[in-house]
Amino acid sequence: MKITRETVKEMAALAKLRLKEEDIETYVKEFTEILHHFGQIGEEDLTQWTDEDLNSESVRLREDKACFFENKEGLYRNIKNRQGTAIRIPKIVD
Amino acid sequence: MGIESMRVKDVQVGLRRKEFSDVELVKAYLDRMKRHDKNVKAMITICEEEALEQAAQVDKKIADGKSIKWMEGVPTGLKDNICTRGIRTTCASKMLMDFEPPYDAGVVEKLKKEGLVILGKYNMDEFAMGSSNENSAFYPTRNPWNLDYVPGGSSGGSAAGLAAGFATVTYGSDTGGSIRMPASFCGVVGVKPTYGTVSRYGLIAFGSSLDQIGSFGKNVEDAACALKVIQGHDPKDATSREKGYDKDYVSIMKKGVKGLRIGLPEEFFGKGVDPEVRNSVLEGAKQLEKEGAIVSSFSLPIPESGLSAYYIISSAEASSNLGRYDGIRFGYSASHCDDYQERVISSRTEGFGNEVKRRIMLGTYALSSGYYEAYYNKAMMFRRKVRKLFQDAFERYDAILTPTVPVLPFKIGEKLGDPLSMYLADIFTVSVNLAGIPAISMPSGFSKSGLPIGLQLMGNEFSEETLFRLAYALEKELALDKKPIAMEVV
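For the protein sequence lines, the chains are A and B, in the order given. Straight run, no breaks: the first sequence in this note's numbering ends on number 910. Straight run, no breaks: the second sequence in this note's numbering ends on number 491.
You may find that some hints are simply not true.
If the Cβ cut is set under 7 Å, some of the chain A residues that face chain B in the computed set are [unchecked claim]:
#, residue
1, 830
2, 832
3, 834
4, 849
5, 865
6, 870
7, 894
8, 898
9, 904
10, 905
Quick caveat, the hints were computed from the structure, so don't treat them as lab data. Everything numeric in this text was worked out from a predicted model, so none of it was measured. Using N, Cα and C, we set each Cβ at its ideal position, and we do this for glycine too.
Starting from the given sequences, assemble the full structure and let the hints guide the process.
Structure follows, in structure tokens:
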């Protein structure tokens, strides 16, 4: 499987990352090699398993219940740009 | 006895007989860290004040004639991806360089409740992605057996710190071998328990369906004691298992191994395995046979595709889990950007290191339209196959014995420019995480160059006690417990 510069740029855009021009070529080489290796999984005989098997595992979810979190100051401490109990962010809508 | 050789039992007995106080013990470890960590670089944060305060409380209880809990006062340390309230938890990333969690992880709550003393937070590969500890945003940890070599990863600091005598037991996390691999490279015992038996609440997520916290010990008994303290149901972790694993490992492990059936999978001893590693592990199998275990070979065709499935699934889960780092709510923020989208992109670009970016992009690719079927779906189906193959194997065997890592510890920088070669070092450990089963890595010997070699014992889910029985018997037979510990050569 050949990875192109465009594929790498698209992967970065979806992942919200910016790549330097000089790094793109390195990623093209690395991803081609890695994905070629990973792609070998396609040669496995997996006909015994279906999509339904993948969805058959039960997922236990805990009750959706509001809980009081006592350490609010600790929670806010990690906000870089805070105004009272709100987070200041760059303007989104003009 | 120097503190670098102290086992859990020595601490338990010494404190109760008042041979030393817990403050004296903690001070001795802190002093050792300050003298030797400039070479090993296992530590990210040393919790001196908190540790001394905690130790003083233990001493007061003893002085007041009150009984102390089983593991109370035992000095320990945590990988820096386990949240500690008010103590920075960095994941060895620029992204979380100044992050102070507002709550304790489930395991930290348990450790505090049982009275273990947390001495510090250990270095690791950034966001637990790596097999050498070279992906730390701060500095690479070095192998205490030879400082030119890597300690393995991603819990390299926890393994190297223990081998260097910076704590009595330590803790790490294992997503695809991140406890077992550094345990093997640093000559200590590392346990990856059954998925769901240790709370993941407050463990900074990498691959949630694979991540599991586990323990390190200088011998099998210590690793088992350290594990017992943290195992247990936690309602805050939806994947936490409620029962089936409350075992008295220390007494069970001394039962012997007569009649236990051990399988040696041919695919784990073939091409690509260093002859010194192969011979050392096979010698371990012989010793167990001598002790009465029944050893035979069989086929378990999973390593190659297991590695692919692991990297596809873990990268896919990482790409989703690490989506939360947007430079807005917490973590590194590119505050020089006035545009919202620009701030998110710049924060992630500047905050994450190369390997993390590589995995996020690979994961994004594996989940993207057009490639989902070929990669993610195939990997999930192969995961099913791995579970089935293990289930079949455990009908015939009580445990499976393999090398932990196919190669000897490698030099710092040796594999950095070749990510695929680095990934291949995990080939024998990842399938355990795909299946959710327990595994132990323990020292089996040393290479001619004096570097540790480890062997891996895998078992069916909730079979930790069987693995401890085998590991304990082998440890006694090999008598590696009596070898000089790592820091004597530093």
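Are there hints from earlier that the structure breaks, and if so, what are their numbers? 8, 9
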